[in-house]
Amino acid sequence: MRPRIFGLLGLIIILLSVCSGTNNKYGLLDKDDFYLSDTLSCEIKTILWYSANADTTIIVDIYRSGEINEDVHVNISINPDSSDRKIENARLDAKPNIFKYSALLASDYYRLPGSYLFKKGEQKCSIALLVKKNALLNNWDGALESYILPVTLSPSSPYANIKSSTAMVVFSRMKAPGTVIAHIPASEKKFIGSPSICIMPNGNYIASHDENTVVNPTTNNITHVYRSEDKGKTWAYMSKITGQFWSSVFVYQGDLYIHGPDKVAGKLVIRKSTDYGKTWTNPDKDTNGLLLERRISGAPTPVIFHKERIWRAIEDASFSGNNSEGKWRYQAMMTSAPMGSDLLDASNWTTSNTLQYDSTYLDGKFGGWLEGNAVAGPDGKLHNILRVEVPVGCYQYAALVSISDDGKTASFDPHTGFFRMAGGASKFTIRYDELSKKYYTLTNYNYEEYTDIRPTRIRNVLVLMSSDNIRNWKINRILLRHSDVRNVGFQYVDWQFDGEDIIFTSRTSYPDEFGGAMNYHNANYLTFHRIFRFRDTKETDLNRNTT
17 MRPRIFGLLG LIIILLSVCS GTNNKYGLLD KDDFYLSDTL SCEIKTILWY SANADTTIIV
77 DIYRSGEINE DVHVNISINP DSSDRKIENA RLDAKPNIFK YSALLASDYY RLPGSYLFKK
137 GEQKCSIALL VKKNALLNNW DGALESYILP VTLSPSSPYA NIKSSTAMVV FSRMKAPGTV
197 IAHIPASEKK FIGSPSICIM PNGNYIASHD ENTVVNPTTN NITHVYRSED KGKTWAYMSK
257 ITGQFWSSVF VYQGDLYIHG PDKVAGKLVI RKSTDYGKTW TNPDKDTNGL LLERRISGAP
317 TPVIFHKERI WRAIEDASFS GNNSEGKWRY QAMMTSAPMG SDLLDASNWT TSNTLQYDST
377 YLDGKFGGWL EGNAVAGPDG KLHNILRVEV PVGCYQYAAL VSISDDGKTA SFDPHTGFFR
437 MAGGASKFTI RYDELSKKYY TLTNYNYEEY TDIRPTRIRN VLVLMSSDNI RNWKINRILL
497 RHSDVRNVGF QYVDWQFDGE DIIFTSRTSY PDEFGGAMNY HNANYLTFHR IFRFRDTKET
557 DLNRNTT
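So the number in our numbering is just where the residue sits in the sequence shown, counting from 1, plus 16.
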């Protein structure tokens, strides 16, 4: 929410930072997550990336507005009135609260300094709150479970123009949110990409990701596969596939398949596994999974079943016509095959025509399209909904391409085919929920303050959105967020419905004990998450600003 300010007295603003025996990173959950109430108290929520291996100190910087004509002492204490309040629980799995403030107050893990001095003329002073190592580990599994500690600041002079305020500090262990499936430290000069997930007929989950190297990225061609037999709580490594990249896993006739190029902009291939991803067929010929010998691009986007056909959107990454190096080279297209056919046989697959980049689209602001979704619209027609690249300061859009029933013809009207969509510049996956009759997606939201960054590079906030008609989207829930837009990312999410819940995998850039990810893009984690009772959510205030 936006700050609301009342009264004419000088105000106190509290910012929180972290220093530790380890190289901890930190960040505000959201710089708008504070407000000034009618009583001029101030709440700010921030995450402390808590380390179990070293003492950690919270530094609270206190700023005073107006002129300071006298020395003023500021006392700090934990608010005794909140000792019976339950700790706020921010877990995605919504487990019951397990701690109360009284448990924290009874410990020695918090050392409260006495009085801190604002000298005459000074605008700022600092206080410190020590958190001992292992302080928060009792009965805690380290997931995104948060603890709120109220700290009261009181000035010694009633004329100090500083009001008593409460800083709400949210503690979280230095661990990626959700369940970690895979982790690659940045020092290996590799990063995790293209998360995909599907559910087997027996309820097992299969997840995959590709392995990207920054040394010679044009040769990237490796995918790793994992299996969970306990609803995502634990994961077992199944296989390494050489010759598979930017791919989607899916289930067809009870067996597991993976579909995508064999390397960066490589041939289109499909593989089959009958043992939960432990072994795979080899696409060495057109009757065994070699589908197209062209330069193919894509991402883990939906494989859907519609009108007796199997559909998946891809892009042709060949260099021709208006297409050259860059995102603008991608040509939108659709592939499909009849239900009941042998998916390993290339002769069963139909490929549509391709749609090239056109620099005149969106009044010259069109930067290209990629990573399309096969979606059956409310009219029963098959569409390809693509992510759209736009420049800094531009509204975000998605593109709606029409596909003929036989899968041979793709068509696009630039006057009606673009629609505004929050997160349209990021990779997204759209799926239809038969129960609610709504379309859902998980994508990245951009806050207004990021006016100097291209929308596609803002991936530190993940939201759940829904639509009744595939064109008008509403934000239902903020799922994950962090203030560090340059080093943190929850991105390229793939997901599935699982009863009342949604399960998803994320390519996650996040702080770790090795110094964190290379950047927001080059992720160090593959993480698994569950959204409980996703249909119960209502739209958020973010819908007022869906840029």
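None of these hints come from the bench; they were simulated from the model. Idealized CB from N, CA, C, for every residue including glycine. Please note that a few of the clues may not be correct.
[To be verified] If you anchor each label on the Cβ, the simulated ranges turn out as follows: (1) N485 / F530: 43 to 53 Å; (2) T376 / P217: 27 to 37 Å; (3) N369 / N485: 43 to 53 Å; (4) G270 / T432: 32 to 42 Å.
Each hint, compared with the structure:
1. Checking the proposed 43 to 53 Å range against N485 and F530 shows it holds: the Cβ atoms sit about 45 Å from each other.
2. The hinted window of 27 to 37 Å between T376 and P217 is violated, with their beta carbons roughly 48 Å apart.
3. Judged by the Cβ atoms, the range 43 to 53 Å given for N369 and N485 is violated: they are separated by roughly 26 Å.
4. As the Cβ distance of G270 to T432 is approximately 41 Å, the hint placing it in 32 to 42 Å holds.
In summary, the numbered hints that this structure violates are 2, 3.
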